[in-house]
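Trainee: Sequences are here, hints too, so could you generate the full structure?
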Amino acid sequence: MIRFAERRLASPAFFALFQEGMALVEETAAYLDGEGRAASAALSRGRLAAYVQQSMRLSTRLMQLASWLLLRRAVAEGEMAEATARREAAKIDIEGPLRDMDAEALLPEPLTGLIARSFELQRRIAQLDAALAAPSAADVAALRPNVVAGQIGRLRRAFERR
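Heads up: take any position in the sequence shown, counting from 1, add 1367, and you land on this note's numbering.
There could be a bad hint or two in this list.
[Stated by the list, open to error] Estimated spans, in silico, between C-beta atoms of each pair: (1) Ile1519 <-> Met1447: 41 to 49 Å; (2) Ala1408 <-> Met1430: 19 to 27 Å; (3) Met1447 <-> Asp1469: 49 to 57 Å; (4) Arg1454 <-> Ala1397: 17 to 25 Å; (5) Pro1379 <-> Glu1402: 14 to 22 Å; (6) Gly1413 <-> Arg1453: 51 to 59 Å.
Simulated from the structure, these hints should not be mistaken for laboratory data.
Glycine residues also receive a C-beta, built at the ideal position from the N, C-alpha and C atoms.
Mentor: So, in structure tokens, the structure goes:
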């Protein structure tokens, strides 16, 4: 049985997602250390509090997503067993806190753009993670009773009585 989600991890689409995620991590770090630091110095107290909170949430979200991507890349490249990756992935919170649009309204536009892109990346990763966690058709079939075998067993018992 082919599991399409697992095949997708070995596809160019996954490696593009991986590259996109890692590039977003780097871009965010560069912004927060450079332009963002300068922009935050000019913010009012309330806006600065929102900036600090949202930049911390953004950094945490991206680190969680990068961890998931690194685990999945390790499996795709044969560096880690699937079972090990599943155990490690269980420690990663790819859902994170909900988006706070009120706080985002107080932030400089470049930071809100990074936040929006991080939530889109999170959505795509969560979708792929759910597909990987879903049981395969073979797993589902193994859980269902074999109707034909049950009927054959009943016929066999009926004929054995005679």
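Trainee: Hint by hint, note whether the structure agrees.
Mentor: Hints, verified against the model:
1. Ile1519 <-> Met1447: 41 to 49 Å: 43 Å, holds
2. Ala1408 <-> Met1430: 19 to 27 Å: 25 Å, holds
3. Met1447 <-> Asp1469: 49 to 57 Å: 40 Å, violated
4. Arg1454 <-> Ala1397: 17 to 25 Å: For Arg1454 and Ala1397 the Cβ distance comes to about 33 Å; the hint is violated.
5. Pro1379 <-> Glu1402: 14 to 22 Å: 32 Å, violated
6. Gly1413 <-> Arg1453: 51 to 59 Å: Given about 43 Å between the Cβ atoms, the range is violated.
Violation of the numbered hints given earlier is confined to hints 3, 4, 5 and 6; the remaining hints are satisfied by the structure.
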